[in-house]
Amino acid sequence: MTTPALLPLSGRRLPPLNLGASAFPHHRATLRLSEKFILLLILSAFITLCFGAFFFLPDSSKHKRFDLGLEDVLIPHVDTSKGGKNLGGFLIHGQGHDEHRHREEEERLRNKIRADHEKALEEAKEKLKKSRDEIQAEIQTEKNKVVQELKKKDSKPLPPVPLPNLIGINSGEPADPDIREKRNKVKEMMKHAWDNYRQYGWGHNELKPIARKGHSTNIFGNSQLGATIVDALDTLYIMGLHDEFREGQEWIDKNLDFSVNSEVSVFEVNIRFIGGLLAAYYLSGQEVFKIKAVQLAGKLLPAFNTPTGIPWAMVNLKSGVGRNWGWASAGSSILAEFGTLHMEFVHLSYLTGDPVYYNKVMHIRKLLQKMDRPNGLYPNYLNPRTGRWGQHHTSVGGLGDSFYEYLLKAWLMSDKMDTEARKMYDDAIEAIEKHLIRKSNGGLTFIGEWKNGHLERKMGHLTCFAGGMFALGADGSRDDKAGHYLQLGAEIAHTCHESYDRTTLKLGPEAFKFDGGVEAVAVRQNEKYYILRPEVIETYWYMWRFTHDPKYRQWGWEATQAIDKYCRVSGGFSGVKDVYSSSPTYDDVQQSFFLAETLKYLYLLFSNDDLLPLDNWVFNTEAHPLPVLHLANTTLSGNPAYR
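Numbering (the working numbering), first residue to last: 303 to 945.
Derived from the structure by calculation, the hints contain no laboratory data.
Where is the CB? At the ideal position from N, CA and C, for every residue including glycine.
Hints are not guaranteed to be accurate.
[To be verified] Calculated pairs, SDA-like style, for lysine to any residue (alpha carbon to alpha carbon, straight line, at most 25 Å):
hint: 1; residue 1: 515; residue 2: 472
hint: 2; residue 1: 414; residue 2: 433
hint: 3; residue 1: 429; residue 2: 406
[Claimed, not checked] Per label pair, the in silico range of CB-to-CB distance:
hint: 4; residue 1: 912; residue 2: 461; range: 49 to 57 Å
hint: 5; residue 1: 479; residue 2: 556; range: 18 to 26 Å
hint: 6; residue 1: 725; residue 2: 461; range: 27 to 35 Å
hint: 7; residue 1: 622; residue 2: 803; range: 46 to 54 Å
hint: 8; residue 1: 781; residue 2: 932; range: 41 to 49 Å
hint: 9; residue 1: 850; residue 2: 461; range: 39 to 47 Å
hint: 10; residue 1: 477; residue 2: 556; range: 37 to 45 Å
hint: 11; residue 1: 432; residue 2: 622; range: 17 to 25 Å
hint: 12; residue 1: 422; residue 2: 556; range: 49 to 57 Å
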């Protein structure tokens, strides 16, 4: 996930101007003109316009009339004396009839217009007899009708598609009472986070647990889209918190509206909203989630309207206008953003039968395959106008991370049929291992960042997801290197655990160095914070699933206790600004991904493997589980979008 680390700082926003009557107190009387008088003026102007238009109509006897219900039609004029060829243009059928008929029609039309005008005047008089409140109520009723009609139009039923074989969506109870107690503790933490969001931030994107009010960031635009609700749904479901799940479903059904004038991050909205809605649909079978996911996807499609088909980073949900982050390498799009759409878009095409989503992400893949890659590495920036790389900066952390993850998961999600994606993953991992992965003087394996021809010996918290990725991709790797990649995953997990263990709070910093005597420790003050991130715990869970080494559960329990001790406040959970301080200050944000990812991975770590088994489910980069599309038990092989 590439959340806040790669986002620009929000600019200061001016409060909205109040241009109502209270802003100009000396002009209140002027502004309160009688609505009845204004309405009468408008009606008078309308009637005058209609009468004027009528009396300036051209002489209808000289022209074809098609709007009066007459039978006159244009027919070719054929001069039979010239062998039947069309030489005379067109004549009007009935042209030789008596002019009397046309005058009668004109008189009938005048009478009809007079009657319509009289009816309009009567209706206007009736309106003017009503009170201001009655008129406003009627206007509101008409508005509501329009809104409902638009909703009906957007909510057209989707074609029925058989669900894949869904296994392990409500099991996983551990037999060991100690493990069960730890799992219940994680569930209690989830309930604490949700209940406080429900009380203090309901409908807002996130929660400020200390100020006890709603919170949002620029990735969600300026609208209240309920990001925490959508992000948390599948976690609530697998934990058996079904009352809370139904609360979220009801809010989504009644309030989640994407036709808002709001500029959002295409990447973040895809992984959190579309991923969250699709997962909720697959787990619960409730159609509303599928319908909302498809509605939102349609709002994101204009972002792909670029010269290359590489999408903009941001798009306005109402206007469809897109643009890129101002700080991103001369207007470039970001690898981890445009490269982290594949899973969700393939499922959208599968569920709708519309190949447009699949085609968009496959076009991105084809373009990347044609491009030269310096040292076999993918730079983090690509210009959507020119199709050229931006600055040659390569990272498996922020800006690059989930691109590599989605190559592997595209292969897994296709029931290992998408061998093209697997080859791209293997090629990329070989280049990463050759150029970016090193061992420190103290024996810690780390993944650095390639910047302008040299390796920066720094690793981000976001990069720690790669331990789990290497383990997940071990089976099926080239040259029988499964054992090698499982070991590499274990080494990354160990390094990231050290980054936690070497802090005062036993929580990991945002980034840590491997320079000289400093290893797995943050040096800069602005890299010492912990914002409830999931990547280290994610790797613990994958390593547990593939090895069942008890140390991963032990490390996960250490993190659980540290979060509960240092991040828990009465109003929810907050990030901390310095993990090396014994009395840290809070950042006062309960991130939506804390409920979507961190608590979900901890819950799964203390559950049996039959809860969301990895042979049947693939997790998107926001930890939303999507089913493997087995060709044998779905109609996918017959879906032209997927073929």
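Straight-line alpha-carbon gap residue 515 to residue 472, limit 25 Å | Violated - the C-alpha atoms of residue 472 and residue 515 are around 33 Å apart, more than 25 Å.
Range hint compliance [Cβ, residue 422 to residue 556, 49 to 57 Å] | Violated, since residue 422 and residue 556 (Cβ atoms, about 38 Å apart) do not stay within the stated range.
For the range 49 to 57 Å, tell me whether the beta carbons of residue 912 and residue 461 fit it or not.
-> Violated, at about 32 Å.
State, for the Cβ atoms of residue 781 and residue 932, whether the hinted interval 41 to 49 Å holds or is violated.
-> The hinted range 41 to 49 Å is violated for residue 781 and residue 932, with Cβ atoms some 27 Å apart.
Lying within 17 to 25 Å: is that true of the beta-carbon distance residue 432 to residue 622?
-> About 40 Å separates the Cβ atoms of residue 432 and residue 622, which means 17 to 25 Å is violated.
Does the alpha-carbon distance linking residue 429 and residue 406 stay inside the 25 Å limit?
-> 35 Å, violated
Do the beta carbons of residue 850 and residue 461 sit within 39 to 47 Å of each other?
-> 42 Å, holds
That 18 to 26 Å hint for residue 479 and residue 556 (C-beta), does it hold up?
-> 41 Å, violated
Starting from the range 37 to 45 Å, see whether the pair residue 477 and residue 556 falls in it by beta-carbon distance.
-> Given about 41 Å between the Cβ atoms, the range holds.
Does the Cβ distance between residue 622 and residue 803 fall inside 46 to 54 Å?
-> 48 Å, holds
Residue 725 versus residue 461 beta-carbon gap, inside 27 to 35 Å or not = The hinted range 27 to 35 Å holds for residue 725 and residue 461, with Cβ atoms some 33 Å apart.
If you draw a straight line from the CA of residue 414 to the CA of residue 433, is it 25 Å or shorter?
-> 31 Å, violated
Comparing the model with each earlier hint shows violations of hints 1, 2, 3, 4, 5, 8, 11 and 12; every other hint is respected.
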